[in-house]
Amino acid sequence: LLEIYKKYNLPGTLYQINTLDNGNHAMKYTSGWALLNLPFFLGGHIYAKAKDYPVDGFSPPYQWSVVIACMFYLVAGMFLSAKLLLRYFSVTVSTWVFLLLIFGTNYYFIVTDAFTMPHLHLFTLYAAFLLVCDNWHKKRNYVNSFLLGGILALMTLIRPTEIIAALIPLLWGVFSWSDLKGKFKILFTSELKKSLIVIGAFVLVCLPQLLYWKTVSGQFLYYGYDN
Numbered sequence: 209l210l211e212i213y214k215k216y217n218l219p220g221t222l223y224q225i226n227t228l229d230n231g232n233h234a235m236k237y238t239s240g241w242a243l244l245n246l247p248f249f250l251g252g253h254i255y256a257k258a259k260d261y262p263v264d265g266f267s268p269p270y271q272w273s274v275v276i277a278c279m280f281y282l283v284a285g286m287f288l289s290a291k292l293l294l295r296y297f298s299v300t301v302s303t304w305v306f307l308l309l310i311f312g313t314n315y316y317f318i319v320t321d322a323f324t325m326p327h328l329h330l331f332t333l334y335a336a337f338l339l340v341c342d343n344w345h346k347k348r349n350y351v352n353s354f355l356l357g358g359i360l361a362l363m364t365l366i367r368p369t370e371i372i373a374a375l376i377p378l379l380w381g382v383f384s385w386s387d388l389k390g391k392f393k394i395l396f397t398s399e400l401k402k403s404l405i406v407i408g409a410f411v412l413v414c415l416p417q418l419l420y421w422k423t424v425s426g427q428f429l430y431y432g433y434d435n
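To convert, note that position 134 of the sequence shown is 342 in our numbering; the numbers rise steadily by one, no gaps.
Honestly, I wouldn't trust all of these hints.
Quick list of in silico lysine to any residue cross-link-like pairs, SDA-like style, CA-CA up to 20 Å [claimed, not checked]:
id	residue 1	residue 2
1	346	293
2	347	382
3	236	212
4	347	422
5	347	274
6	236	327
7	346	411
8	236	426
9	291	343
10	346	381
11	347	390
12	422	411
13	402	420
14	236	413
15	347	292
16	422	230
17	291	345
18	346	272
19	236	220
20	401	350
21	401	342
22	346	280
23	257	280
24	236	419
25	347	288
26	393	378
27	393	350
28	346	400
29	391	379
30	422	227
31	347	280
32	291	280
33	257	274
34	393	380
35	346	422
36	389	432
37	347	294
Hints in this document: simulated from the structure, not taken from any laboratory.
Using the sequences and the hints, build the whole thing.
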């Protein structure tokens with residue numbers, strides 16, 4: 209890995225990998241960004257082998273696979289955001305909100321100056337999460353329940369603090385303490401199976417990360433930001 213680091217003249221230090229007390233090495237970051245980019249990365253890998261590029265994860269096909277992945281999530285995030293807006297607002301209102309969202313927030317900076325960072329993926333996942341959350345409250349079926357838990361897991365795997373987004377479906381349509389009590393009663397009585405599917409999907413998607421941490425550190429939960 210150090211040879212690759214020198215070969216491609218990568219900036220800074222190799223801070224992404226931590227050395228643990230047990231002698232193992234652990235990735236600083238969780239796996240969400242890598243999971244979302246995996247299909248594109250595999251495409252780059254196949255192309256690298258077919259065209260005799262270095263199969264090392266860093267040669268041009270791999271770099272372009274990341275760019276293509278980010279372009280995909282850029283378009284997907286905009287599409288999902290527009291779709292959700294148009295459910296509740298007119299085309300005129302949705303257009304203005306959409307333009308303010310894109311050009312009036314730090315999203316514009318991310319797209320133009322930090323394109324390959326995970327913030328772009330998070331924007332898309334939040335758009336998908338809100339859309340599925342809306343679907344789930346209109347129709348709490350098994351598919352929507354699984355998607356709700358799975359998308360929340362991917363968000364958490366990109367940045368663990370994003371687990372706070374679990375409050376969105378819990379507080380959706382809640383305007384008083386009585387609403388909150390009523391919602392909890394529904395979720396954990398008549399809709400208990402659907403709620404368990406949401407939780408199960410979340411755990412299932414997070415499981416590979418937990419097993420990785422257990423393997424390298426001996427614990428199911430590992431804090432990687434100590435370096």
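Against the structure, the hints come out as follows:
no. : hint      : result
1   : 346 / 293 : holds, 16 Å
2   : 347 / 382 : holds, 17 Å
3   : 236 / 212 : holds, 18 Å
4   : 347 / 422 : violated, 37 Å
5   : 347 / 274 : violated, 35 Å
6   : 236 / 327 : holds, 17 Å
7   : 346 / 411 : violated, 24 Å
8   : 236 / 426 : holds, 16 Å
9   : 291 / 343 : holds, 12 Å
10  : 346 / 381 : holds, 11 Å
11  : 347 / 390 : holds, 17 Å
12  : 422 / 411 : holds, 15 Å
13  : 402 / 420 : violated, 28 Å
14  : 236 / 413 : holds, 19 Å
15  : 347 / 292 : holds, 16 Å
16  : 422 / 230 : holds, 12 Å
17  : 291 / 345 : holds, 17 Å
18  : 346 / 272 : violated, 40 Å
19  : 236 / 220 : holds, 15 Å
20  : 401 / 350 : holds, 9 Å
21  : 401 / 342 : holds, 19 Å
22  : 346 / 280 : violated, 28 Å
23  : 257 / 280 : violated, 23 Å
24  : 236 / 419 : holds, 15 Å
25  : 347 / 288 : holds, 19 Å
26  : 393 / 378 : holds, 12 Å
27  : 393 / 350 : holds, 19 Å
28  : 346 / 400 : holds, 16 Å
29  : 391 / 379 : holds, 9 Å
30  : 422 / 227 : holds, 15 Å
31  : 347 / 280 : violated, 28 Å
32  : 291 / 280 : holds, 16 Å
33  : 257 / 274 : holds, 17 Å
34  : 393 / 380 : holds, 14 Å
35  : 346 / 422 : violated, 39 Å
36  : 389 / 432 : violated, 37 Å
37  : 347 / 294 : holds, 19 Å
Hint check: violations occur at hints 4, 5, 7, 13, 18, 22, 23, 31, 35, 36; the rest are consistent with the structure.
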